[in-house]
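Engineer: Line order of the protein sequences matches chains A and B. Residue numbers are given in UniProt numbering: position 293 of the first sequence equals residue 293, and the series is strictly consecutive. Residue numbers are given in UniProt numbering: position 93 of the second sequence equals residue 93, and the series is strictly consecutive.
These are calculated hints, taken from the structure and not from any lab test. The beta carbon of each residue, even a glycine, is placed where N, CA and C say it ideally should be. Careful: at least some of the hints might be erroneous.
Said to hold, decoys possible - Mimicking BS3-like on lysine-lysine, the simulated pairs with C-alpha atoms at most 27 Å apart in a straight line are:
no. : chain 1 : residue 1 : chain 2 : residue 2
1   : B       : K80       : B       : K63
2   : A       : K283      : B       : K121
3   : B       : K63       : B       : K84
4   : A       : K133      : B       : K63
5   : A       : K69       : A       : K233
6   : A       : K47       : B       : K63
7   : A       : K287      : B       : K84
8   : B       : K84       : B       : K61
9   : B       : K126      : A       : K283
10  : A       : K233      : A       : K133
11  : A       : K133      : B       : K61
What the hints assert, rightly or not - Partial pick of chain B residues on the chain A-facing surface, computed with a CB cut under 10 Å:
no. : residue
12  : T37
13  : I111
14  : E257
15  : I296
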Amino acid sequence: MIRQRSFGDLAFAFLNTFGLALLGFITLFPFIHLLAISLNEPLDMIKGGITWLPRKLSWFNYSYVFDNKNLFMAAFVSIARTVVGTFLGVVCTAMIAYALSRREFIFRKPFNFYFVLTLYVNGGLIPGYLLIKNIGLMNNFWVYILPILVSAYNVMIMRSYFEQLPEGVVESAKIDGANDFQTLFRIIIPISMPVIATVTLFIGVQHWNSWFDNYLYTSRSQSLSLMQYELMKVLLQSVNQSAVTAGSSAANDVARLSPQSIRAALTIVVTLPILIVYPFLQKYFVKGITMSAMKE
Amino acid sequence: MAKLVIEQQTATPHPAPANRRTLWRTLYLQRYLLLMTVPFVIWALIFSYGPLWGWIMAFQKYKIGQGIWHSPFVGLDNFKELFKDDDFYPVLRNTLVMAVMNLVTGFVGAIVLALMLNEVKNQFFKRTIQTITYIPHFVSWVVIANIVLTFLSPDGGMVNSLLMKLGIIHEPIYFMAKEGYFWYIQTAANLWKEIGWSTIIYLAVLASLNPEHYEAADIDGATRLQKMRYISLPGIMPTAFLLLIMSLGWLIQGGFESQYLLGNDVVSGRSEVLDLYALRYSTQIGDFSYGVAISIFKSVVSIALVVSVNMLARKTAQTRLF
């Protein structure tokens, strides 16, 4: 096929590529900038002018973060919450999705409606808070896991994946004498890795990024503090300090500026796990999302 | 096998007692499926539907010591108080303005970015940009607020030093302490976070468009901009329209995390949204009934929006949500 490329088309292609590259840059640059600040010696950082690379390389900020007992503990709680919450979340989501994908299940339609409705029903912030208080989950590790154990959205994604598997898979497992649990965990899940990876990523990220439940329900017990919440505390501290003193020009003291380096280091520590895990799961979730969205 | 059993049963009508026996038999046969779902039906009853019970409080003068059972009923007093409160209207305005700004920028941004990505012929470049722009979606608002504050900081923040180098300003601006900037900063941060992620569905739709249209346009000598305007854009419009009307229903339910984390006492006149207002009244002043009244107000507006948007959609495009 002969394709004539006009000047306009070339100019368009150039501008388009340039625009997209610029967007990619705008997306990545903040992370690079924070990494540079966090790796720079804190007193040198105050002089400003750091963009891409640290001027005076130093691990000081990171050793501060990991030497701090509260932060070390918070890292442990965050990891525990994410691992336990994600494992239970994926297993429970898979069970509901499997049952709702079985055409013979007598409560398939009512249960389906019942779970989907939870997406639209929202009691609100304060009723939710009082519920947690009344059932005694305040200052308890399980308040991180139980209220968000399963989301109907993830159930729907997984259900539509299970539904498009060939019916023979389940039938032959049943003929071999497998019950529904065995069928799900030994047959269905191993052949549904794309959707399992998608949902694992969604649930894992949700747990890792949570801070509001920490603020609302467990802020009185330091031993249950999460990384995100610790970062938020540092953030709000510096915001309110500096916003209030914004008027006065004498706000340039070291005591206020060092936290900026620590904040940058903490931000990188909190972001890094996501940046590491995400590329491995990316090829799966685009498929998972697209499929379930197109179906609806 | 279980499926076969059911089909046989429904095919031949049974007398009543036999029917009851087959119901029990079906329940027994499906005991594992029941085991997989019933615990979560109870779970959802507690954690999703349970808070609705608390709505009673909006019609009471709720006292913590007395609980829902013993607190006195006051009718619609909490709602009257809410609509009389001078603080309420700025908060409602903030909620709606930021929701609309986020909706419009997000909607337009996603379509423009999807169209641009669709024009890229180099698959490696396209995938790289996609991978990069999806990242912020997975980053917490705490991290993003930190990034925004670092960049906009008046002491050595990148934005201020850049503006000063270019000679646009002569002394640093304290962006986070200026009320007038807050909505724009929140909108920009939200757009940066979600623009890549929101293209996924559009890109899938674009990939499914019939290539013959593009070939025909090539033969007619259409430019790339024309193909974009007359083939790609109309191709994604039905999906875009559906997504738009769906998000209109969520308009008032917009989040509060970004407003909480980016805001501070100085700009609270522009940053406080309904949920934060409810939280302030409940946890600081201890008036839980008032907080619940705000939640109910939000839900009622939200339901009204969903229903009216759905009716509008039915009239204009014959597409319905339900």
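Engineer: Each of the hints needs a verdict: does it hold here or not?
Structural biologist: Here is what the structure says about each hint:
1. This hinted pair checks out: B:K80 and B:K63 have alpha carbons roughly 19 Å apart, not beyond 27 Å.
2. Restraint check: the Cα-Cα separation between A:K283 and B:K121 comes to about 19 Å, which is no more than 27 Å; the hinted pair holds.
3. A C-alpha spacing of about 22 Å is found between B:K63 and B:K84, which places the hinted pair at or below 27 Å, so the restraint holds.
4. A threshold of 27 Å between alpha carbons decides the hint, and for A:K133 with B:K63 the separation of about 14 Å falls inside it, so the pair holds.
5. Taken as a hint, the A:K69 and A:K233 pair is honoured in the structure, with Cα atoms around 16 Å apart against an allowance of 27 Å.
6. Pair hint A:K47 plus B:K63 does not hold up; C-alpha atoms about 54 Å apart against a cutoff of 27 Å.
7. Between A:K287 and B:K84, the direct Cα distance comes to roughly 50 Å. Violation of the 27 Å bound is thereby established for this hinted pair.
8. Between the alpha carbons of B:K84 and B:K61 the distance comes to roughly 17 Å, so the proposed pair stays at or under 27 Å and holds.
9. For the given pair, B:K126 sits about 14 Å from A:K283 by alpha-carbon distance, which is consistent with the 27 Å threshold.
10. Between the alpha carbons of A:K233 and A:K133 the distance comes to roughly 23 Å, so the proposed pair stays at or under 27 Å and holds.
11. Distance hint between A:K133 and B:K61 is fulfilled; the C-alpha atoms sit about 18 Å from each other, no more than 27 Å.
12. A hinted interface residue such as B:T37 counts as satisfied when its beta carbon comes closer than 10 Å to some beta carbon of chain A; here the least separation is about 5 Å, so the hint holds.
13. At about 14 Å, the closest approach between the beta carbon of B:I111 and any beta carbon in chain A exceeds 10 Å, and the interface hint on this residue is violated.
14. Satisfaction of the interface hint for B:E257 is found here, the shortest Cβ-Cβ separation to chain A being roughly 7 Å, below the 10 Å cut-off.
15. The interface hint given for B:I296 is met, as the beta carbon of that residue sits about 7 Å from the closest beta carbon of chain A, less than 10 Å.
Going through the hint list in order, the structure does not satisfy hints 6, 7 and 13.
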